[in-house]
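Asks: Place chain Y on chain R using the hints.
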Amino acid sequence: MAILVIAEHDGGVLKAATRNTVTAAAKVGGPIRILVAGSDCGPAAGAASKISGVSKVMVADDPRYGDQTAENVAALVAARFRDFSHILVPAGTFGKNLTPRVAALLDVAPVSDVIRVEGPDTFVRPVYAGNAWVTVRSSDPVKVVTVRAAAFDPAGDADVPAPVEAVAAAGDLGLSRRIRRELSLSARPELTEAEVVVSGGRALGSREDFFRLLEPLADRLGAAIGASRAAVDAGYVSNDYQVGQTGKIVAPRLYIAVGISGAIQHLAGMKDAKVIVAVNKDPDAPIFQVSDYFMVGDLFRILPELIDALEND
Amino acid sequence: MKKDCICAFSAAFPDPRRNAFKVLVPVKRVLDYSLRPVIKADGSGMDLAGLKMSMNPFDEIALEEAIRMKESGKAGDIVAVSCGGNPCRETLRMALALGADRAVLIETDLDVQPLGVAKLLAALAVKESPGLVICGKQAIDDDAGQVGPLLAGLLGWPQATFASKVIIKDGRAEVTREIDGGLETLEVRLPAVITTDLRLNEPRYAALPNILKAKQKPLDVFHPEGLGVDVTPRITVLKTIEPPSRRACIRVADAAELVRRLREDARVI
Chain R
1 MAILVIAEHD GGVLKAATRN TVTAAAKVGG PIRILVAGSD CGPAAGAASK
51 ISGVSKVMVA DDPRYGDQTA ENVAALVAAR FRDFSHILVP AGTFGKNLTP
101 RVAALLDVAP VSDVIRVEGP DTFVRPVYAG NAWVTVRSSD PVKVVTVRAA
151 AFDPAGDADV PAPVEAVAAA GDLGLSRRIR RELSLSARPE LTEAEVVVSG
201 GRALGSREDF FRLLEPLADR LGAAIGASRA AVDAGYVSND YQVGQTGKIV
251 APRLYIAVGI SGAIQHLAGM KDAKVIVAVN KDPDAPIFQV SDYFMVGDLF
301 RILPELIDAL END
Chain Y
1001 MKKDCICAFS AAFPDPRRNA FKVLVPVKRV LDYSLRPVIK ADGSGMDLAG
1051 LKMSMNPFDE IALEEAIRMK ESGKAGDIVA VSCGGNPCRE TLRMALALGA
1101 DRAVLIETDL DVQPLGVAKL LAALAVKESP GLVICGKQAI DDDAGQVGPL
1151 LAGLLGWPQA TFASKVIIKD GRAEVTREID GGLETLEVRL PAVITTDLRL
1201 NEPRYAALPN ILKAKQKPLD VFHPEGLGVD VTPRITVLKT IEPPSRRACI
1251 RVADAAELVR RLREDARVI
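Protein chains in written order, with our numbering: chain R, 1 to 313; chain Y, 1001 to 1269.
So that you can see chain R by itself, here it is in the shape it has in the complex:
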């Protein structure tokens, strides 16, 4: 039986995590189809058809999916996509909201945040903020899974685009609707997709210093900017900057933690980065134990020096 990957997109743009989810699907084994549910989502469907390993893209393009509410999209999946062995969804807030509801309608136990595929019914996932990994086996006929994008490489481009097929809409339940959306606008790469992430903690002291010190470093490295929960709670940055157990999970090539002590909840969000650099004035900061390189000292002195050193390099 085939594997269904539910695309994460905003109509015009397909989210990169969809590609990583296709890689996870390929590890399961079997033909891979992508569902794109939305309104005016032709561009996203077109992008999905160009992902290597995808045999077909199915598009439910209807105003009732414009808000991508879990209620309507789950009803669509339950009505039209029951005959799949697996349903995989990227484990961002879109997938975390939608996927358990799909599982409820199919009466199966979902598996969250999969980081390894060991077999068609066996997966590895982190628990306790990443302090332990469990290997789990699902006995349900359909495996309904969210995939942690950072744990899988993105699938490449196909030589020949996959066919795109329209799917009739189902179930406009009218249970919920979106009133507004306030998205953070940034010229920087998205946090979960960036090759380099520079994150700041409470030690930066204020919103002004947070950006004054981190932006030049991020500019120099082409990095996204992240933050610890403490920095978000202190009001330096908005919630969508948060890296950690309850925020975003990142696994960039290089992660630089500035003034972050390293609570286990933060480590859960970044410890799979390839190289980790930590700067902190406390020589006993727990973040140092998960770092490749660390510097002990005053970040207000070190950061300008680091930017200088990068410029003179």
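No lab work stands behind these hints, which were simulated from the structure alone.
Errors might be hidden in some of the hints.
Listed next, the stretches of chain R that the computed footprint assigns to chain Y, with coverage defined by at least 3 CB atoms under 8 Å from CB atoms of chain Y [what the hints assert, rightly or not]:
no. : segment
1   : 91-100
2   : 157-164
3   : 183-196
4   : 201-212
5   : 246-254
6   : 301-307
Where chain Y lies over chain R, by a calculated footprint (3+ residues, C-beta under 8 Å) [as the list claims (entries may be wrong)]:
no. : segment
7   : 21-34
8   : 51-59
9   : 123-129
10  : 135-147
11  : 273-284
Beta carbons: idealized from backbone N, C-alpha and C, even for Gly.
Replies: Frame of chain R; chain Y shown alone:
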């Protein structure tokens, strides 16, 4: 005929408490957030023996939100519910001390997984007819984050997950959600399921007199069989391991050395 008259009467003079719906707050007993979990040497699971257990912090936020709704006259009675063994009574007593009016323990010694919990809660919701179920967006032990949307799906109710602001009005909830790109505000019809994110509120502490009074509040006990729910696990945990980690932890003297190492040794810049 008489019955019709009563209906017409109540429509003309609505009960002032009609909008003050009941709120169901599921609370989970988990390893205290400040403790580091220990994996059993044989890889068969976590070793929690003798460790401090507490209410899941996200559920504390959910309970706090329910209490504030009650204090502002939006909500009526608050029913806290927990699924698990006898020690969950302690978690429920804490919920009663914080402000829940009643508690329900759905008692089982099985390791009930999120789908089983959601089915138990759905059965209880049918009995209790709450206007709102509000719970944490995830538990900090299994980090599954499934119960809220599973429950909403089973009941066919709307859902609003990762709430950072909730406004109740006219039988609807306006919920601001923390999503990957920023914030989104949904309007959902009640009854609904809401799951709470970190920044919805700051939970209060239980006052000592309330902890004493909580012992007098009702705590009912049900069992999965009594609710007609099969909680047989669908997922088998094969093993539990320490995540692989190998970091060099090299202390560098200055910025120049760091840049050199990142370029020449790690080759990431």
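Asks: Next step is simple, just say for each hint if it's right about the structure.
Replies: Structure-based check of all given hints:
| no. | hint | result |
| --- | --- | --- |
| 1 | 91-100 | holds (count 8) |
| 2 | 157-164 | violated (count 0) |
| 3 | 183-196 | holds (count 4) |
| 4 | 201-212 | violated (count 0) |
| 5 | 246-254 | holds (count 4) |
| 6 | 301-307 | holds (count 3) |
| 7 | 21-34 | violated (count 0) |
| 8 | 51-59 | violated (count 0) |
| 9 | 123-129 | holds (count 4) |
| 10 | 135-147 | holds (count 6) |
| 11 | 273-284 | holds (count 4) |
Violated hints, listed in ascending order, are 2, 4, 7, 8; each of the other numbered hints is respected by the structure.
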